[in-house]
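*Asks:* Start from the sequences and build out the full structure, keeping to the hints where you can.
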Amino acid sequence: MSSPATLADLAVGERAVIESVTAPRPLAVRLMELGLVGGTEVVVKRRAPLGDPLELELRSYALSIRREEARCVRVKRERP
Amino acid sequence: MRTVLFAGNPNAGKTTLFNLVTGARAKVGNYPGITVDKTSAKLRLPSGAQCVVIDLPGSYSLTARSSEERLAIDSLLARGAGAASAVVVVVDATTLARGLYFASQILETGLPAVIALTMTDEAKKAGLEIDHAELAQRLGCPVIPLVATRGEGKAELLRALDQALERGVAPKAAPPRLDEPTSLDLAAVERELVSADLGATDTSAAKRKLRLRAEWAILSLGGDELEGVPERVRETVYARRSAAAGARRDLDAELVTARYRHVDALLAGLLSQRPTAVKSRSTRIDDVLVHPLWGLLVFAAVMFVVFQALFAWAEPLVGLIEGAVDAVKGAAKSSLPEGPFTDLVTDGIIAGVGNVVVFVPQIAILFVFITLLEDSGYLARVAFVIDRVMAKVGLNGRAFVPLLSGFACAIPAVMATRTIESRRDRLLTMLVVPLSSCSARLPVYVLMTSVVFDPEQKVGGVLAVGALVLFAMYTLSVVAALGVAFVLGRTVLKGPRPTLVLELPPYRMPRAVNIARAVASRVRRFLVDAGTVILALTIVLWALLNYPKDPVTEARFDERRAAAQTEPDEGAKAEALAALEAEQAGERLRSSAAGRVGQVFEPALEPLGFDWKIGVGLIGAFAAREVFVSTLGLVYDVSDATEETAGLHAQMREAKRADGTRVFTPLTGVALMVFFVLACQCMSTLAVVRRESASWRWPAFLFAYMTALAYVATLATYQIGRALGLGVGG
Numbered sequence: 001m002s003s004p005a006t007l008a009d010l011a012v013g014e015r016a017v018i019e020s021v022t023a024p025r026p027l028a029v030r031l032m033e034l035g036l037v038g039g040t041e042v043v044v045k046r047r048a049p050l051g052d053p054l055e056l057e058l059r060s061y062a063l064s065i066r067r068e069e070a071r072c073v074r075v076k077r078e079r080p
Numbered sequence: 001m002r003t004v005l006f007a008g009n010p011n012a013g014k015t016t017l018f019n020l021v022t023g024a025r026a027k028v029g030n031y032p033g034i035t036v037d038k039t040s041a042k043l044r045l046p047s048g049a050q051c052v053v054i055d056l057p058g059s060y061s062l063t064a065r066s067s068e069e070r071l072a073i074d075s076l077l078a079r080g081a082g083a084a085s086a087v088v089v090v091v092d093a094t095t096l097a098r099g100l101y102f103a104s105q106i107l108e109t110g111l112p113a114v115i116a117l118t119m120t121d122e123a124k125k126a127g128l129e130i131d132h133a134e135l136a137q138r139l140g141c142p143v144i145p146l147v148a149t150r151g152e153g154k155a156e157l158l159r160a161l162d163q164a165l166e167r168g169v170a171p172k173a174a175p176p177r178l179d180e181p182t183s184l185d186l187a188a189v190e191r192e193l194v195s196a197d198l199g200a201t202d203t204s205a206a207k208r209k210l211r212l213r214a215e216w217a218i219l220s221l222g223g224d225e226l227e228g229v230p231e232r233v234r235e236t237v238y239a240r241r242s243a244a245a246g247a248r249r250d251l252d253a254e255l256v257t258a259r260y261r262h263v264d265a266l267l268a269g270l271l272s273q274r275p276t277a278v279k280s281r282s283t284r285i286d287d288v289l290v291h292p293l294w295g296l297l298v299f300a301a302v303m304f305v306v307f308q309a310l311f312a313w314a315e316p317l318v319g320l321i322e323g324a325v326d327a328v329k330g331a332a333k334s335s336l337p338e339g340p341f342t343d344l345v346t347d348g349i350i351a352g353v354g355n356v357v358v359f360v361p362q363i364a365i366l367f368v369f370i371t372l373l374e375d376s377g378y379l380a381r382v383a384f385v386i387d388r389v390m391a392k393v394g395l396n397g398r399a400f401v402p403l404l405s406g407f408a409c410a411i412p413a414v415m416a417t418r419t420i421e422s423r424r425d426r427l428l429t430m431l432v433v434p435l436s437s438c439s440a441r442l443p444v445y446v447l448m449t450s451v452v453f454d455p456e457q458k459v460g461g462v463l464a465v466g467a468l469v470l471f472a473m474y475t476l477s478v479v480a481a482l483g484v485a486f487v488l489g490r491t492v493l494k495g496p497r498p499t500l501v502l503e504l505p506p507y508r509m510p511r512a513v514n515i516a517r518a519v520a521s522r523v524r525r526f527l528v529d530a531g532t533v534i535l536a537l538t539i540v541l542w543a544l545l546n547y548p549k550d551p552v553t554e555a556r557f558d559e560r561r562a563a564a565q566t567e568p569d570e571g572a573k574a575e576a577l578a579a580l581e582a583e584q585a586g587e588r589l590r591s592s593a594a595g596r597v598g599q600v601f602e603p604a605l606e607p608l609g610f611d612w613k614i615g616v617g618l619i620g621a622f623a624a625r626e627v628f629v630s631t632l633g634l635v636y637d638v639s640d641a642t643e644e645t646a647g648l649h650a651q652m653r654e655a656k657r658a659d660g661t662r663v664f665t666p667l668t669g670v671a672l673m674v675f676f677v678l679a680c681q682c683m684s685t686l687a688v689v690r691r692e693s694a695s696w697r698w699p700a701f702l703f704a705y706m707t708a709l710a711y712v713a714t715l716a717t718y719q720i721g722r723a724l725g726l727g728v729g730g
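Sequence order for the protein chains is A and B. So for the first sequence, our numbering puts the first residue at 1; every next one is plus one. So for the second sequence, our numbering puts the first residue at 1; every next one is plus one.
Simulated from the structure, these hints should not be mistaken for laboratory data. A couple of the hints might just be wrong.
Claimed, not checked - Far from chain B, some chain A residues (derived; all Cβ distances over 10 Å): (1) 9; (2) 59; (3) 60; (4) 69.
Claimed, not checked - Label pairs and their in silico Cβ distance ranges: (5) B/273 / A/76: 19 to 29 Å; (6) B/129 / A/76: 22 to 32 Å; (7) A/41 / B/174: 35 to 45 Å.
These numbers come from a predicted model, not from an experiment. Here a beta-carbon is modelled for each residue, glycine too, at the ideal position from N, C-alpha and C.
*Replies:* Structure follows, in structure tokens:
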């Protein structure tokens, strides 16, 4: 059973599929153009040593965004 | 001559490929009006045809919010005389989908294009096979696999470029498929563009270009800083977007998703990924380098080495340059006849050139490190590790290296803000870097501590006063820099909520040739752009500190010198002449424009505990902070003063105000140091901020706010100290 969640809710190592980006405009366009579009698989690879930002892996590259931005990305958890 | 553009994602190996193709002939300039480097070079193709290649700034798409980001679209969609003849699209084979998102947009501009597929060796190692022949078929343009670091594929790329230029045909790329109602929104914007004369529908290539422009307008407009977009186009975009939102649609998402679908379809069946059980090399490196504990230790160690290099390694080189400048000055003085012209040459021009060249070692060292960190991939990790701290004051992790470097010298540090992507974050960092207590402030702290305290004296039996004072000044500097960043980010540079969107590229081996080029181009740009301003300001300041000369005083000194010449004892004669020289220099300074300004401003300086002599010192310090010490030496008639000169210490300790009290009480000393921490006492900083922000507006603002801040803080220090009776006695 998958629950509504954002990227910020995922544990390190957890996989999910992106549903939509709800960030305010310039940021949303930027995130989407970097590949965070609906249907894309993403995994939270790690957190920075001080806890924030996050490192994501998607479309075979590594992207770092802050938890605050991650909260604006709705995802569907993948069953392990 | 025909122009060829190089475009692609950041970290796609674009610069390495550019260097490989053009050899050592690149020229770095600035795009008119903005602070983006324009690297261009002439290139002779195998057919013998000549062209100019321009390396566009790395970008993830054509979308733009500022005029800097708009460069790519302007270059790619230009019409008429400024139009390019072809484009080389650099795509990293390991991040193919993201690269093709941008590449597919570029292909729709209709420019003859060649796709350069870089990092194919890395892709292979990761178990990724790409059918590039089929990809070329689907994209309608040649795809050349390369390993730029080994030069593989260069000949093929040049041949393909030759053919593309010769044929001059648009790639046969079909645009992404859009369904209703998205296609209707796009069509409405297209119609508006046509009526604003920004597009045509006469050929299929023109139609594709128009469609791309409409997509660009929808994704870029709104909350942007773009100029010259017709108002009607804006209105149409806004109306369509909000109508879509009203129908619970997201127009932006529809367009971006459609293009990613298009890219995924282009790639369908072309990639075969051999499953690799082992973690990638970069992941394994990151397991250590951004580990919660080891990561922080590595970070601290790397930053320590950078700082140590700037602080200590540059020192001998700076000493050499200063020695050479003095030698040239001496040679000029002895070979030219005495007079105002010689003074201009030696103390104005030669000293000015020295003031410029003296920064080169630190700039070169810092950029060796920055390029090394950037090319290896660690610079992005620096930002990743420290972002949380920087976020608290509204900066992002990329601001850390410039701020740290500022403790050695603001000049290379301001130049290092180039690694910050967003213009707002870059400006904000540039405006607070000069608050980092640079090494040129040290002599002032040392001098003042020696004059007003006994630096060896222990506080509480442990801490030396000197160390305590230094610690206090550096703390003040850090607090001020972070505090000002916090305030400016919410006022003057208020913008959308600052964010961090940072690609963490794979670790790669840096290449010496790239580092050498980056350092050489930085140094050259500094010498040409900032250097000329620093030289001019040095000459102006020299004139202010030396003119006008009072003929009566000059004549009196000539007489006294003549009298001293008659002294029979050689030793006594030399001593008398030296004393006269020092006294005359002091007299000249007092009657100079700067001296008079100091005296005029005395009422404003008095509440700070300063007298006009300190005021003159502050004006002199504008050339370079350490000059404060030698200028004070001049006002106090002490020749060749340094911060260690006992004679200067004694003179300053004995200096009295009109009411007979000491000028340099411990409180004045502390007040003066506070002033030096906060004031923008450095014209070279202003020159380099002008260069990096491409306007005089920001250096003017920088100077104004730092001076105001310094004045208020010094006033508070002195007045509160006096009210409490602290450090006024003795």
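*Asks:* A separate judgement is required for each hint: does it hold in the structure or not?
*Replies:* Here is how each hint holds up against the structure:
1. Distance check for residue 9 of chain A against chain B: the nearest CB is about 19 Å away, which clears 10 Å, and the non-interface claim stands.
2. For residue 59 of chain A, the non-interface assignment is contradicted: its Cβ lies about 5 Å from the closest Cβ of chain B, within the 10 Å cut-off.
3. Not every beta carbon of chain B lies more than 10 Å from that of residue 60 of chain A, the smallest distance being close to 6 Å; the non-interface claim is violated.
4. Residue placement check: residue 69 of chain A does not keep its beta carbon more than 10 Å from all beta carbons of chain B (closest about 6 Å).
5. Between residue 273 of chain B and residue 76 of chain A the beta carbon distance is about 23 Å. The supplied range of 19 to 29 Å therefore holds.
6. Remark: the range hint 22 to 32 Å for residue 129 of chain B to residue 76 of chain A is upheld by a beta-carbon distance near 31 Å.
7. The beta-carbon spacing between residue 41 of chain A and residue 174 of chain B, approximately 26 Å, falls outside the hinted interval of 35 to 45 Å.
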